[in-house]
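Assemble the whole structure, with the sequences as input and the hints as a guide.
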Amino acid sequence: NAGVTQTPKFRILKIGQSMTLQCTQDMNHNYMYWYRQDPGMGLKLIYYSVGAGITDKGEVPNGYNVSRSTTEDFPLRLELAAPSQTSVYFCASSYSKTSGRLYEQYFGPGTRLTVT
Amino acid sequence: RKEVEQDPGPFNVPEGATVAFNCTYSNSASQSFFWYRQDCRKEPKLLMSVYSSGNEDGRFTAQLNRASQYISLLIRDSKLSDSATYLCVVPANAGNNRKLIWGLGTSLAVNP
Chain R
1 NAGVTQTPKF RILKIGQSMT LQCTQDMNHN YMYWYRQDPG MGLKLIYYSV GAGITDKGEV
61 PNGYNVSRST TEDFPLRLEL AAPSQTSVYF CASSYSKTSG RLYEQYFGPG TRLTVT
Chain D
1001 RKEVEQDPGP FNVPEGATVA FNCTYSNSAS QSFFWYRQDC RKEPKLLMSV YSSGNEDGRF
1061 TAQLNRASQY ISLLIRDSKL SDSATYLCVV PANAGNNRKL IWGLGTSLAV NP
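Residue numbers (our numbering), protein chains in the order written: chain R, 1 to 116; chain D, 1001 to 1112.
Please note: incorrect hints may appear among the correct ones.
[Stated by the list, open to error] Computed footprint of chain D on chain R, listed as stretches where at least three residues anywhere in the stretch have a Cβ under 8 Å from a Cβ of chain D:
1) 75-86
2) 103-110
[Stated by the list, open to error] Capping the alpha-carbon separation at 27 Å, the derived lysine-lysine pairs in BS3-like fashion look like this:
3) Lys-1079/D with Lys-57/R
4) Lys-9/R with Lys-1045/D
5) Lys-57/R with Lys-44/R
6) Lys-57/R with Lys-14/R
7) Lys-14/R with Lys-44/R
8) Lys-57/R with Lys-1045/D
9) Lys-1002/D with Lys-57/R
10) Lys-57/R with Lys-1042/D
11) Lys-1002/D with Lys-1099/D
12) Lys-9/R with Lys-57/R
13) Lys-1099/D with Lys-1045/D
14) Lys-9/R with Lys-1042/D
15) Lys-9/R with Lys-1099/D
16) Lys-1002/D with Lys-14/R
17) Lys-14/R with Lys-1042/D
18) Lys-1045/D with Lys-1079/D
19) Lys-1042/D with Lys-1079/D
20) Lys-1002/D with Lys-1079/D
21) Lys-1045/D with Lys-44/R
22) Lys-44/R with Lys-1042/D
23) Lys-1002/D with Lys-1045/D
24) Lys-9/R with Lys-44/R
25) Lys-44/R with Lys-1099/D
26) Lys-1042/D with Lys-1002/D
Source of the hints: derived by calculation from the structure; they are not laboratory data. Every residue, glycine too, gets a C-beta built ideally from N, C-alpha and C.
Quick look at the structure:
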């Protein structure tokens, strides 16, 4: 199993550009999450999903959009990038009916995004 | 009280030392707790889950004190490779959204 994979690993955007951060998990997890982590700061939840077709806002959703058309994929879309979106973005997943562990989240390696 | 609070450290200890971190939480109804470790510029990785009074895994022991609303992480015989930031995590328990509340982490440096 690859676990949670994220692409790209690094990206530099100009102000006003858009991009999609990709996230895929192969653990058949129901729940998926997007976090951002600014230097020296804690994780902040952007969006999460409890299953295909269901998404909800976290603490800091402004400037982002998500979709969950399949169990495996949870892409994060940045529209009109701003310097405040410079951060490391982590995707995570949790919970399968097999494991029964609701809260144990597994993370991808992250995408380091710089907006200039 | 903050929802989850940790001493940021840094804790500097020599190899072989025993070190303990505490994490306080505000929601007295919380039933499960987690410790994650995060290496510099890497993703958080689950270290230990606590569903009852405590858990032990090799050199690592997590203990829960419900009366005082804190969980601790004890690391025995510290290794250089234990140097990392340790994150305390508690479920939000708000509806069924399965969200977690993340502490800001305690930084540990194990020195030779």
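Non-conforming hints, listed in increasing numerical order: Hints 1, 3, 16, 20 are the ones this structure does not satisfy, whereas the remaining hints hold.
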